[in-house]
Structures are given as structure tokens and as C-alpha cells.
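Participant: Below, each chain spelled out in residue letters.
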Amino acid sequence: MTELAAQQFTVTRADLVRYAGASGDFNPIHWSERVATSVGLPGVIAHGMLTLALAARAVEEWAGGADRIVEFGAKFTKPVVVPDDDRGVVVEVTGSVSAEDDDRRTIAVKVTCEGVGVLGAMKAVVRA
Amino acid sequence: MTELSLIPDEVAARVGTEAARATGEVNRRDWQRWAVAVGDENPLWFDAEHARAHGYDDVICPPLYLQYAVLGVTPMSALRADGSSGAASGNLQFPDAPKRMAGGESTTFHLPAYHRDELTMVRVIDSIVEKHGRSGRFVLVTWRTTYTNQRDELVAEATTSMIARP
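From first to last, the protein sequence lines stand for chains Y and R.
With the first sequence counted from 1, adding 1049 to any position gets you our numbering.
With the second sequence counted from 1, adding 87 to any position gets you our numbering.
Since the hints were derived computationally from the structure, they do not count as laboratory data.
A couple of the hints might just be wrong.
Unchecked claim - Okay, derived cross-link-like pairs now, DSS-like style, lysine-lysine, Cα gap no bigger than 25 Å in a straight line: (1) Y:1127 <-> R:186; (2) R:218 <-> Y:1127; (3) R:186 <-> Y:1124; (4) Y:1124 <-> R:218; (5) Y:1159 <-> Y:1127.
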């Protein structure tokens, strides 16, 4: 298992608004504290696909190219709660190579936020 | 005492059927806006010369953006009570489990997509099951989705899931 360099990404409320606009996903759990808490969430949460996209950035970096990702996916296990302040929250992406052959590398990816795993069963297959 | 299922019979009967089909044009400015939103400013998405130097005909669409290229605009009046759009999920109704969250997403990428490619998404309902988790009962819906381009070439395949809670 080769460990890959951990990468950190900061997510703020402004990022969520920007992602909502760019993706067309306007579910209010991603921008309204009132709606988010009313459905039992601890607060406004990041779009799962935004967190996944941040993990993809880390994998692109490890793979040495944005177009090397062949297969990519995860379960959204815990929400990334984004506070209403200017600092936001930090998402950390770590990875290790779990399998490798001549043309494919499989990377087991862990994505945590304040020490808690937020994406589960995450795996990326990249062109070697 | 048997609890009533959270899954209405008419919804359960839709497993294996097509939930949604949509066609959309891949648009450079839209994917670039998305790439900026996730902080992914890779030159393959932005710089045609760089992309050509890496063997492509032009700038390419970030793979994780593909699903957004085919999602249409949901009119405000058609949004669900929680504000989300049901368009891509086939508008499955779970009256006893109205709180929805994305479950997961896994995609295999086969071919690059270019500006003005016409993508067709076909989404089939793979399974609908009721589960019991630490926070109680929920419905897990899984879809299988294919994305093909205007030449009928398979661009990507995805498995997507959603959780609906009471």
C-alpha cells in the first residue's frame, strides 16, 4: 500500500451557493439553516457531489492528470456541515494505492471532515 | 405488529423500468462555471491548446459534470415541497418518507465529452428497498444510468442511490 500525500480543501457557505448555481441543485438543505435543521440535519450541509468533486481533485493530483480517472465513486455517509462564518470547514482527502497493474491503479480514498469520515466505500481507478 | 412499508406498491412495481430519459447539450461555459465552483481549474477543461497537446480535439468536459449537462431546468412550481427537483429520479413518490438525501454515486468514464456534444441519459430503477439504520427506517433507491453521445457511443455509466426517510 503506497500512501499518497493528504490534501485539504476548505468549504464555505459561499462555495455552496456557487455550487448550487453551477450545478442547478438548489435543494435548500444546502443553503437554508432553517430547512436543514427542520429535516433533522445538524445545519446546512455541502452537496455530496461537491465533496466528491473535491476528492476528484485530490485523485487528479495523485494520478498526474485530470483525464486519468476511469472509475470514481463513493457513498455519502455523513454530511459535511458548513458553518455560517468566513472560515468554513476543512475537508481532508487521503489515499493509498490498493492495487496496481500495468495500466490501472486502484486508489482507496478516505475523505474526512473534522476527523469524521464523510464519504464511504470510496474508490478510484486511474490509468497508470 | 407489522409496520406498513414505506414503499407504495405502485412505486415498487417500477423496479426495472426506465425512470428518466433526458438529452442535453454539453456546454463549455457551463462546465467551466462548474469547474470553478469546485476549484478544479485544470487546463484540460479550459485551454484548447493544452488539451490538443494531450491528444484531444479540443477542451473536454470534466467527467463529474456530465450529469448536469442533461438535467433540464425545473420550473419553480414543479419543485417538491423540500425544494429539490425530482426530474432525474423519475419522480418516485414516497409519501411516508419525504425527506431525501443523495446516497452515493459511482461512475465509469469511457470517452471524453466535447462542447456541443448531445448527451442522452437513460436512467433505470435498479432497486428500491426498505432498510433499518441507526437513525431508523429509510428507503434506499438505486438507479443505473448510461450516458451516450450523438454517435451512440457510450460516454459513461453510473450507479446512483438516494435515501428517503420518514
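Participant: Compare the distance between the alpha carbons of residue 218 of chain R and residue 1127 of chain Y with 25 Å, and conclude whether the hinted pair is satisfied.
Facilitator: Roughly 17 Å separates the two Cα atoms, so the pair holds.
Participant: Check whether the Cα positions of residue 186 of chain R and residue 1124 of chain Y lie no farther apart than 25 Å.
Facilitator: Given pair residue 186 of chain R, residue 1124 of chain Y holds - Cα atoms ~18 Å apart, limit 25 Å.
Participant: Does the alpha-carbon distance linking residue 1127 of chain Y and residue 186 of chain R stay inside the 25 Å limit?
Facilitator: Roughly 15 Å between the alpha carbons, so the hint for residue 1127 of chain Y and residue 186 of chain R holds.
Participant: Is the straight-line distance between the alpha-carbon of residue 1159 of chain Y and that of residue 1127 of chain Y 25 Å or less?
Facilitator: OK: residue 1159 of chain Y and residue 1127 of chain Y at ~12 Å, within 25 Å.
Participant: Starting from residue 1124 of chain Y, check that the Cα of residue 218 of chain R is at most 25 Å away, please.
Facilitator: 16 Å, holds
Of the numbered hints listed earlier, not one is contradicted by the structure.
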